[in-house]
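Engineer: Residue numbers (the numbering used here), protein chains in the order written: chain A, 6 to 377; chain B, 6 to 377; chain C, 6 to 377; chain D, 4 to 123; chain E, 4 to 123; chain F, 4 to 123.
Please keep in mind that the hints were generated in silico from the structure rather than gathered at the bench.
Heads up, a few of these hints could be off.
[Unchecked claim] Calculated from the model, a selection of chain B residues having no Cβ within reach of chain D, i.e. all distances over 10 Å:
no.: 1; residue: Thr20
no.: 2; residue: Gly69
no.: 3; residue: Ser106
no.: 4; residue: Pro158
no.: 5; residue: Leu185
no.: 6; residue: Glu191
no.: 7; residue: Ile210
no.: 8; residue: Asn279
no.: 9; residue: Ala291
no.: 10; residue: Val310
no.: 11; residue: Leu376
[To be verified] In silico EDC-like pairs for lysine to aspartate or glutamate, Cα to Cα no more than 20 Å straight-line:
no.: 12; chain 1: A; residue 1: Lys250; chain 2: B; residue 2: Asp76
no.: 13; chain 1: C; residue 1: Lys72; chain 2: B; residue 2: Glu44
no.: 14; chain 1: C; residue 1: Lys250; chain 2: A; residue 2: Glu82
no.: 15; chain 1: A; residue 1: Lys72; chain 2: C; residue 2: Asp246
no.: 16; chain 1: A; residue 1: Lys250; chain 2: C; residue 2: Asp246
no.: 17; chain 1: B; residue 1: Lys155; chain 2: C; residue 2: Glu14
no.: 18; chain 1: B; residue 1: Lys72; chain 2: A; residue 2: Glu191
no.: 19; chain 1: A; residue 1: Lys80; chain 2: B; residue 2: Glu82
no.: 20; chain 1: C; residue 1: Lys80; chain 2: A; residue 2: Glu191
no.: 21; chain 1: A; residue 1: Lys80; chain 2: B; residue 2: Glu44
no.: 22; chain 1: C; residue 1: Lys155; chain 2: A; residue 2: Asp67
no.: 23; chain 1: A; residue 1: Lys305; chain 2: A; residue 2: Glu191
no.: 24; chain 1: B; residue 1: Lys155; chain 2: B; residue 2: Glu44
no.: 25; chain 1: A; residue 1: Lys72; chain 2: C; residue 2: Glu14
The beta carbon of each residue, even a glycine, is placed where N, CA and C say it ideally should be.
Each chain is listed here by its residues.
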Amino acid sequence: MDFTYLINELTKGFTSFTWGSAFMIAVGLVLIALAVFKEYEPVLLLPIGFGCVMANLGMSADTGFMKVIYDAGIKTEIFPLLIFVGVGAMIDFSPLLSQPSMVLLGAAGQFGIYGTLLLALWLGFPLNQAASIGVIGAIDGPTAIFVGSKLAPEILAPIAVAAYSYMSLIPIIQPPIMKLLTTRKERLIRMEYSPRPVSRLTLVIFPIFVTVIVSLIAPDAAPLIAALMLGNLLRESLVVDRLNKAAQNEIINITTLFLGLAIGATMTAQSFLNLETLKILALGLAAFVIDTVAGLLFGKLMAVVTRNKVNPLIGACGISAFPMAGRLSAKMAQDEDFENFILMHAMGANTAGQLGSVIAGGLLLALVSGLV
Amino acid sequence: MDFTYLINELTKGFTSFTWGSAFMIAVGLVLIALAVFKEYEPVLLLPIGFGCVMANLGMSADTGFMKVIYDAGIKTEIFPLLIFVGVGAMIDFSPLLSQPSMVLLGAAGQFGIYGTLLLALWLGFPLNQAASIGVIGAIDGPTAIFVGSKLAPEILAPIAVAAYSYMSLIPIIQPPIMKLLTTRKERLIRMEYSPRPVSRLTLVIFPIFVTVIVSLIAPDAAPLIAALMLGNLLRESLVVDRLNKAAQNEIINITTLFLGLAIGATMTAQSFLNLETLKILALGLAAFVIDTVAGLLFGKLMAVVTRNKVNPLIGACGISAFPMAGRLSAKMAQDEDFENFILMHAMGANTAGQLGSVIAGGLLLALVSGLV
Amino acid sequence: MDFTYLINELTKGFTSFTWGSAFMIAVGLVLIALAVFKEYEPVLLLPIGFGCVMANLGMSADTGFMKVIYDAGIKTEIFPLLIFVGVGAMIDFSPLLSQPSMVLLGAAGQFGIYGTLLLALWLGFPLNQAASIGVIGAIDGPTAIFVGSKLAPEILAPIAVAAYSYMSLIPIIQPPIMKLLTTRKERLIRMEYSPRPVSRLTLVIFPIFVTVIVSLIAPDAAPLIAALMLGNLLRESLVVDRLNKAAQNEIINITTLFLGLAIGATMTAQSFLNLETLKILALGLAAFVIDTVAGLLFGKLMAVVTRNKVNPLIGACGISAFPMAGRLSAKMAQDEDFENFILMHAMGANTAGQLGSVIAGGLLLALVSGLV
Amino acid sequence: MRELMQTGWLITGIGMGLVFAVIIILWGLMALLMKLTSREKKTKLESEAESDLLTEMVFLQEDQNDLKKKAAAAAVAIGLGLIQDAQSGPQINEQNTEINAWQAVTRARQLQNQIIRGRR
Amino acid sequence: MRELMQTGWLITGIGMGLVFAVIIILWGLMALLMKLTSREKKTKLESEAESDLLTEMVFLQEDQNDLKKKAAAAAVAIGLGLIQDAQSGPQINEQNTEINAWQAVTRARQLQNQIIRGRR
Amino acid sequence: MRELMQTGWLITGIGMGLVFAVIIILWGLMALLMKLTSREKKTKLESEAESDLLTEMVFLQEDQNDLKKKAAAAAVAIGLGLIQDAQSGPQINEQNTEINAWQAVTRARQLQNQIIRGRR
Ligand code: NA
Ligand code: NA
Ligand code: NA
């Protein structure tokens, strides 16, 4: 009988526990607290936080059952794609289709990706990591995880954490920028809303055409756009109610739980507690700010071009962050004038941002794979 | 910096796109249109069609995330079996149990399997492929995929597409044959329906006994019959409501979506666009016709033997294609005489066809494995 | 053409069928009958029974699709953990939190683990097998499967079958012991129930703290306790209703079905029909008895210490077997006195037993890994 | 080629022969099963109802929400007389006492279909 | 370093250029789609309702329970006037005839939000 | 053999000792937790209701169907007085003001069980 081994075995929980582990558990607890008591994106921050706690209690994504989940879902890219099938099934593109020009705002809200990439390069990150950090500026979880896990899996955890944490902080990050960059007069602009009816045929054709066009021009974005548009087709076809419900419920709920846990389980003290992580978190914030600024400036441009028929606030929805950003812009307009309802326009710009983010993420992947 | 590579990377979507890809995307769009606007088996044709579109935009089952899904579900045989668990949970065998002689029609409706096998051999297909093509005549998706993926995975896509497309066309394929082969007098035959009550004990014992007997006689059909009967036992046991609902909802819905996508993702231009595919599609149609003819002739035989107590129309339900074929026969009888209700008899023959198809598929697998 | 091979192929179902197979199929049928007609843990005994039938018809966990399921769920430890996520989401710890001293009963109810280990050693089992048999005394399916599959996968089937079968027989096993060891006067003891309100903060903090503490002291129990407490956190956080429902429905239902089938599929005649199995089944029963006796004696001790403020019957709930044991104790008390409601105290002790079982299982794993 | 066709005919003969053999065995089994259990009076409908009660008792405490839903749905359905209609699918046992009930329901559904078809 | 930054600027230029290019193509596609299908009168709401009927017919026999639930829920919702409120989300088609209806509903929700916010 | 049994007794001693140790630590933790949070007045029921409201707000636009169902179910349940009964499971907080309520409900359920058992 080997008592030394026995004692090691019985105390291994403590001997492998470090100050770093304790700190990271505290980080996990903060994420959980934000989820539970502040309701900041709880369906993601709670699993990420719990995964982080587990990772620093010996259950990291490098070993055991969490590795099984990580390998099955993140390495294969399946989890972000399944989430996109569910998200697609929840998106209504008719506000966008009835006002096609709104789609431009979805392009403007992607400047943060490249601005952050440049900042990251300037701070000394190699190109693949800089691009992965930049993709936080897509402000869309599945896109960030899909691109990040392909270009720089070693920094996937901080990227995902930044993406989801700041996304949950949108109601805190965006308003000051929106007030700073727009005048009260601009915020008071009312937008006409006499939507053209969107036929079922249009709603069915749209996701298919988008899949074909985006897959041809940005083939690296093909899986993301195909998953998103498959979900939307399930929704708009109106003939596969069972599949539509499965996408919006079972598939997205189960995947979200395990995606969150798996991301959290990569947040071990060894891999997370370093200066790079802090830099990435700072750059992520920059990405959100640059995106919002670019979106608002483009919104102001549209206001000028259309002679005040566009409220610049909806520029801030082009960043993606569907559907929070859309609601926030509408709320900001109402805070100035209780009778000013721009929600439909904001949702149009917001869904455009969703499309723009996926396209920009795919193009970035192609460009960087081509240059690294 | 390698600009040539960059340009290649950015244009790879177009350079790898061929006329064949365009044609196959059009095929995918036709399948989607049939699903959405004609409601022909939409839960399967829509995913297959979308999978076909994806396959020809670079997301085929040979690579990336679709390969992950294909390998996890089709190669392991898991998907067709899971679908059978759900189908079993949806089948009520009591119409069959209260009229056991109906089960004979489930044997007659399998001649199409062997007729098509002979035709395929005659057209020059090797035995394994001929048998796989023949199994389209099982007129049952999971059986066709299960047998086809074991005997000739290289032609699985056209087999699955034929099986599901023609199944959705049953209301167009069968009626002319039914009218041609039966007289108005025969179609007017009313069938007595005084069902003996089927006890719960019978309904519980039946799936278990079928599993044991079929597994012994046709061990290659064992997984299929076991999955089907497991689902039915979950249903009839009345004590595992949670599992029964999971089988009828979560399990079958999620599997159906991914099975369809995975099958569709094998339909690349390279593998699908050739003369063989056309032959297989033609042979598949033959299989449906031969099955229906054989079923109807056997129905007429039963009408003679029973002295016009059996309406020959229910012979057409023995082909399987549960539950469409059953409803169609009942509808045909009512079209002649509004007060003639043979739905219960038709459903009995139809569930018998389901059993017969699985048994015939398993026996075919054994015979061909033994002879190849 | 090779006729010998053909005949072999067509008769292989019968030639590989033995008296042992027939006997084991009968065992499977008995399990199914217990599930269907006696409603003894039907959601587990029905799949286990059907898996057993399948295993002895050529569909065992050693080959084909059942091996795929076994490898994906049992070898990776994922299935018991997923079930625990669902169980955790169903447990309400507030009865325990409002009467913390009840937790002691959860420790007392684990003596059966070690008593059985000693008996098994005495009967000649090697240490790893003896410990696996002992863990039947955890009286908790996922814990038994988790520990058993790590220490002695070769005897996992009888362990799981014993665990679930006896658990379903709790209403038959416990009452005579309870009557034997307690006096009528003891059973009549009424327990005060003026619960302190349990705040939401407490309910949220509790699962996290338990995860941290248990993972540090008994790291081998970490995955089990983390899964259980993750589920409970999903429940008590009140902000992730989608994930909570997914855990309580989709996740646990699907997993339960496949876990049962996979366990049943290991019950082939070769591996199950031997003297060891009989010994394990007998030892499993001993484990249940020893657990109950120890729990009741500790309950009597608490009655003495608290001067008859604790009804010893609730000691029998410390064995785990959540939630049957808790309900049974409450029922026993009411059978003596219709107005004596101790359900809340019983559920407190019962949830304590759930915690105790996981902790004891993890410690056992550590001790035996350290000594083998 | 000729040999292959011969093999094909052989497979067809053995295959269809075996299919009929298995199906005839199933026929016998089903007839036997029905004969053996015909004494049992309890129909599926009754036992189902009873079992539902038991199930609901068992799950009373775990699935409060679910139960609540079921109860609410059932209450409404009863109130609106919907249950009668909704259960008239291919399960035959509900109607096993009178043929007229089955025929009546079937005709009603048929009429309904025609109405909807007309709309289409 | 300098070279890397140059690469970065290059990527930025090409990347944002292509994003705008793709988005402008989508704009054209969407405008074209809306133009081509504008003749079609049928709105989504109507076809949805019709399709629901058909779907329910098709699934009548498989999904009795589900149908029963839907029917019960619908009945209650109608009775309580809930459908009007529940469907007033971001789907615009319901309100496409009168702007006032949309504004009215939106304001009502806004008031409701304020009440709840006040509670918080 | 003897040595193995000795090991067994050792494992038993250490194992049960550690189980009790961990459980006693949990006891302390729980007592401490209850003490620290006892000042917080808000009970679970209240916060649950409030949170539900918030959740429904957040998901208002995504889950219209779901909301509709919930609303309908809730309406019916209230109407029929089912909510009271359905929530009377092992969650104790609803009854934390009066013991009588708990006992009354428990007795009612007990009677109900007896009735059903009688039927069986
Ligand atoms: Na963006
Ligand atoms: Na067939
Ligand atoms: Na225990």
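Engineer: For each hint, tell me whether it holds in the structure or not.
Structural biologist: How the hints compare with the structure:
At roughly 43 Å, the least C-beta separation between threonine 20 of chain B and chain D is larger than 10 Å, which holds for a residue marked as non-interface. No beta-carbon of chain D comes within 10 Å of the beta-carbon of glycine 69 of chain B; the shortest separation is about 39 Å. Taking the minimum C-beta to C-beta distance to chain D, about 7 Å, the non-interface status of serine 106 of chain B is violated against the 10 Å cut. At roughly 20 Å, the least C-beta separation between proline 158 of chain B and chain D is larger than 10 Å, which holds for a residue marked as non-interface.
Against the 10 Å criterion, leucine 185 of chain B stays outside the reach of chain D, whose nearest CB is about 23 Å from its own CB. Taking the minimum C-beta to C-beta distance to chain D, about 21 Å, the non-interface status of glutamate 191 of chain B holds against the 10 Å cut. Listed as a non-interface residue, isoleucine 210 of chain B fails to keep its Cβ farther than 10 Å from every Cβ of chain D; the least gap is roughly 6 Å. Residue-level check passed: asparagine 279 of chain B sits 22 Å from the nearest beta carbon of chain D, beyond 10 Å.
Consistency note on alanine 291 of chain B: stated as away from chain D, and its beta-carbon is indeed over 10 Å from all of that chain's, at 14 Å minimum. For valine 310 of chain B, the shortest C-beta to C-beta distance to chain D comes to about 14 Å, beyond the 10 Å cut-off, and the non-interface label holds. Non-interface call for leucine 376 of chain B relative to chain D: violated, since the shortest CB-CB distance, roughly 6 Å, does not exceed 10 Å. This hinted pair does not check out: lysine 250 of chain A and aspartate 76 of chain B have alpha carbons roughly 25 Å apart, beyond 20 Å.
Restraint check for lysine 72 of chain C and glutamate 44 of chain B: not satisfied, since their Cα atoms lie roughly 38 Å apart, outside the 20 Å limit. For the hint linking lysine 250 of chain C to glutamate 82 of chain A, the alpha-carbon distance of about 25 Å lies beyond 20 Å, and the restraint is violated. With a C-alpha separation of about 26 Å, the suggested pair lysine 72 of chain A and aspartate 246 of chain C falls outside the 20 Å cut-off, and the hint is violated. Taken as a hint, the lysine 250 of chain A and aspartate 246 of chain C pair is honoured in the structure, with Cα atoms around 17 Å apart against an allowance of 20 Å.
With a C-alpha separation of about 16 Å, the suggested pairing of lysine 155 of chain B with glutamate 14 of chain C holds against the 20 Å cut-off. Taken as a hint, the lysine 72 of chain B and glutamate 191 of chain A pair is broken in the structure, with Cα atoms around 51 Å apart against an allowance of 20 Å. Note on lysine 80 of chain A and glutamate 82 of chain B: the hinted pairing is violated, with a Cα-Cα distance of about 23 Å set against a maximum of 20 Å. Of the pairs offered as hints, the one joining lysine 80 of chain C and glutamate 191 of chain A is violated, with about 62 Å between alpha carbons and a cut-off of 20 Å exceeded.
With a C-alpha separation of about 37 Å, the suggested pair lysine 80 of chain A and glutamate 44 of chain B falls outside the 20 Å cut-off, and the hint is violated. Pair hint lysine 155 of chain C plus aspartate 67 of chain A holds up; C-alpha atoms about 19 Å apart against a cutoff of 20 Å. Between lysine 305 of chain A and glutamate 191 of chain A the CA atoms are separated by roughly 8 Å; this keeps the pair inside 20 Å, and the hint holds. Taking the CA atoms of lysine 155 of chain B and glutamate 44 of chain B, the gap is near 31 Å; set against the 20 Å cutoff, the hint is violated.
Pair hint lysine 72 of chain A plus glutamate 14 of chain C does not hold up; C-alpha atoms about 41 Å apart against a cutoff of 20 Å.
Hints 3, 7, 11, 12, 13, 14, 15, 18, 19, 20, 21, 24, 25, counting from the list given before, are not met by this structure.
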